[in-house]
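Novice: Work the whole structure out from these sequences, hints included.
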Amino acid sequence: MTHFLHSQSDLADALAQLIVADPGLAPMLEKTGEPALRRGEPGFSGLARIICGQQLSTASAGAIWARLKEAFDPFHHDALRRARADRLGRLGLSAAKIKSIKAIATEIAKGNLDLDHIAQSDADTAHQMLIAMHGIGPWTADIYLLFCLGHADAWPAGDLALQESARIAFNLKARPTTKEMITIGDAWRPFRGVAAHLLWAHYHVVKRREGAPVPDKPSPAKKQIQAVASAEKSSNKKSTNKKSNPKKKVTRNGRTERTKS
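Under this note's numbering, read the sequence shown as residues 5 to 265, first letter to last.
Rather than coming from a laboratory, the hints here were simulated on the basis of the structure.
Careful: at least some of the hints might be erroneous.
[Unchecked claim] With a Cα cut of at most 30 Å, we get these calculated DSS-like pairs of lysine-lysine:
no.: 1; residue 1: Lys183; residue 2: Lys103
no.: 2; residue 1: Lys177; residue 2: Lys211
no.: 3; residue 1: Lys73; residue 2: Lys106
no.: 4; residue 1: Lys35; residue 2: Lys177
no.: 5; residue 1: Lys73; residue 2: Lys103
no.: 6; residue 1: Lys73; residue 2: Lys114
no.: 7; residue 1: Lys183; residue 2: Lys211
no.: 8; residue 1: Lys183; residue 2: Lys35
no.: 9; residue 1: Lys211; residue 2: Lys35
no.: 10; residue 1: Lys103; residue 2: Lys114
[As the list claims (entries may be wrong)] Cβ-Cβ distance ranges computed for the label pairs, FRET-style:
no.: 11; residue 1: Gly115; residue 2: Ser13; range: 31 to 41 Å
no.: 12; residue 1: Ala123; residue 2: Arg212; range: 27 to 37 Å
no.: 13; residue 1: Gln59; residue 2: Lys211; range: 14 to 24 Å
no.: 14; residue 1: Gly66; residue 2: Gly93; range: 11 to 21 Å
Note that the coordinates shown come from a computational prediction; the quantities given were computed from them, not determined experimentally.
For every residue, glycine included, the Cβ atom is placed at its ideal position computed from N, Cα and C.
Specialist: Quick look at the structure:
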């Protein structure tokens, strides 16, 4: 069953179900409070806005988007498809973003990209449909599914803020990779997007305070993290055993120190 987050009450209900499935997230929710639902406009406009804001500050992205919306009113894919690249560049778009937006507009015009059909598909299927298009990467696809369509199970595993939030929340030594975040998110299906809202809220709380909240109860997601880390350590150990291996002791903070023989 595909779950959608169309309202704040939808998010609250889904969050309650997520906490039942993973009680280890409850202390995080107590510190952040209920996250605000983030929603954007669906369709070509919403997708173009996400691309417009890639790797920019909120203020810069907002200023460029405002100029685009003013220059193209109504904001329709045909207008952007026909627009001169130099005109779009003067509005603040980079060459790469111009290429991506025009490519998406062309695919919509040709009927190769049906955003209405994508809106009715499950998160994984919709993700694959989107990334098959030139100019749409995994992060863009998942942000569109989560914010513009309200997919409760969309999971932007490559988002740096989510990765950093997971590192702090689960007391990890290093920020999880995108691959590790995909594994972590499996524990939260079919509400990975709800977990993303919670982790973003946690990230902003941490940025405002000293210290990092750590869930008191073991979380299924943390078990996933530990399993991935254990597999990597095992692989590394096999390769290092071929070399000299001085005696080591493990300190309480997880670091290793060499000791005299």
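Novice: Each of the hints needs a verdict: does it hold here or not?
Specialist: Cross-check of the supplied hints:
1. Lys183 x Lys103: holds (28 Å)
2. Lys177 x Lys211: holds (18 Å)
3. Lys73 x Lys106: Distance of about 15 Å is within 30 Å: holds.
4. Lys35 x Lys177: Given pair Lys35, Lys177 holds - Cα atoms ~22 Å apart, limit 30 Å.
5. Lys73 x Lys103: Answer holds: Lys73 to Lys103 is near 18 Å, not above 30 Å.
6. Lys73 x Lys114: Measuring from Cα to Cα gives roughly 23 Å; hence the hint holds.
7. Lys183 x Lys211: OK: Lys183 and Lys211 at ~25 Å, within 30 Å.
8. Lys183 x Lys35: holds (27 Å)
9. Lys211 x Lys35: Roughly 13 Å between the alpha carbons, so the hint for Lys211 and Lys35 holds.
10. Lys103 x Lys114: holds (16 Å)
11. Gly115 x Ser13: 31 to 41 Å: For Gly115 and Ser13 the Cβ distance comes to about 36 Å; the hint holds.
12. Ala123 x Arg212: 27 to 37 Å: holds (35 Å)
13. Gln59 x Lys211: 14 to 24 Å: holds (19 Å)
14. Gly66 x Gly93: 11 to 21 Å: For Gly66 and Gly93 the Cβ distance comes to about 18 Å; the hint holds.
Violated hints are absent here; each numbered hint is respected by the structure.
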